[in-house]
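Just so we're aligned, residue 1 is where the sequence shown starts under the working numbering, counting upward by one.
Hints were generated in silico from the structure; no laboratory data involved. Don't take every hint at face value.
[Stated by the list, open to error] Simulated restraints, written as ranges between beta carbons of each label pair:
1) A106 to R66: 15 to 21 Å
2) P30 to E53: 33 to 39 Å
3) E7 to G73: 15 to 21 Å
4) E111 to E83: 38 to 44 Å
5) S76 to R48: 19 to 25 Å
6) R21 to S93: 21 to 27 Å
7) G52 to T78: 19 to 25 Å
8) D20 to L89: 20 to 26 Å
9) G90 to G41: 27 to 33 Å
10) E111 to E7: 45 to 51 Å
11) S57 to R14: 17 to 23 Å
12) R48 to S91: 43 to 49 Å
13) D5 to P30: 19 to 25 Å
If you're wondering where the values come from, they're calculated on a predicted model, not measured in any experiment. Note that beta-carbon positions come from the ideal geometry of N, C-alpha and C, so glycine has one too.
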Amino acid sequence: MKPRDLENLAQLRRARDLIDREYARPLDVPAMARHALMSPGHFSRQFRAAYGETPYSYLMTRRIERAMALLRGGTSVTDACMEVGCTSLGSFSSRFSELVGESPTAYRAREHGAVTAMPPCVAKVRTRPVRIREAGPAAAA
């Protein structure tokens, strides 16, 4: 790796850390790019090359992960939607269904006892949303 590549990765990591910390705030690509000291177009291309998804997709995945935890705890779908920074319940529900494979209401109604018995670090990995399109036919079944 060239020194410039390492510098880009450090800048991208700063932006990714911002998303991880501030996922509930209104974040857009220009704001993330400013945090990484890059132009929005360059930032989007570099982020996708480094992490395999767009900055917005990464942000929404973080939001859905947090919403899953809130729903497991009994929070209403509307409250979970607003708490993770989504402003449209319809868009939130569509994205949740796309990533998790079931609606937020169905997810909330399902029993999650096995997850609550796991250490949080294991639960985070086991409950991470997987895009149904990308997971292949086995995950959709």
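Checking against the hints above, which ones are violated?
The structure conflicts with hints 2, 3, 4, 5, 7, 12, although it agrees with all the remaining ones.
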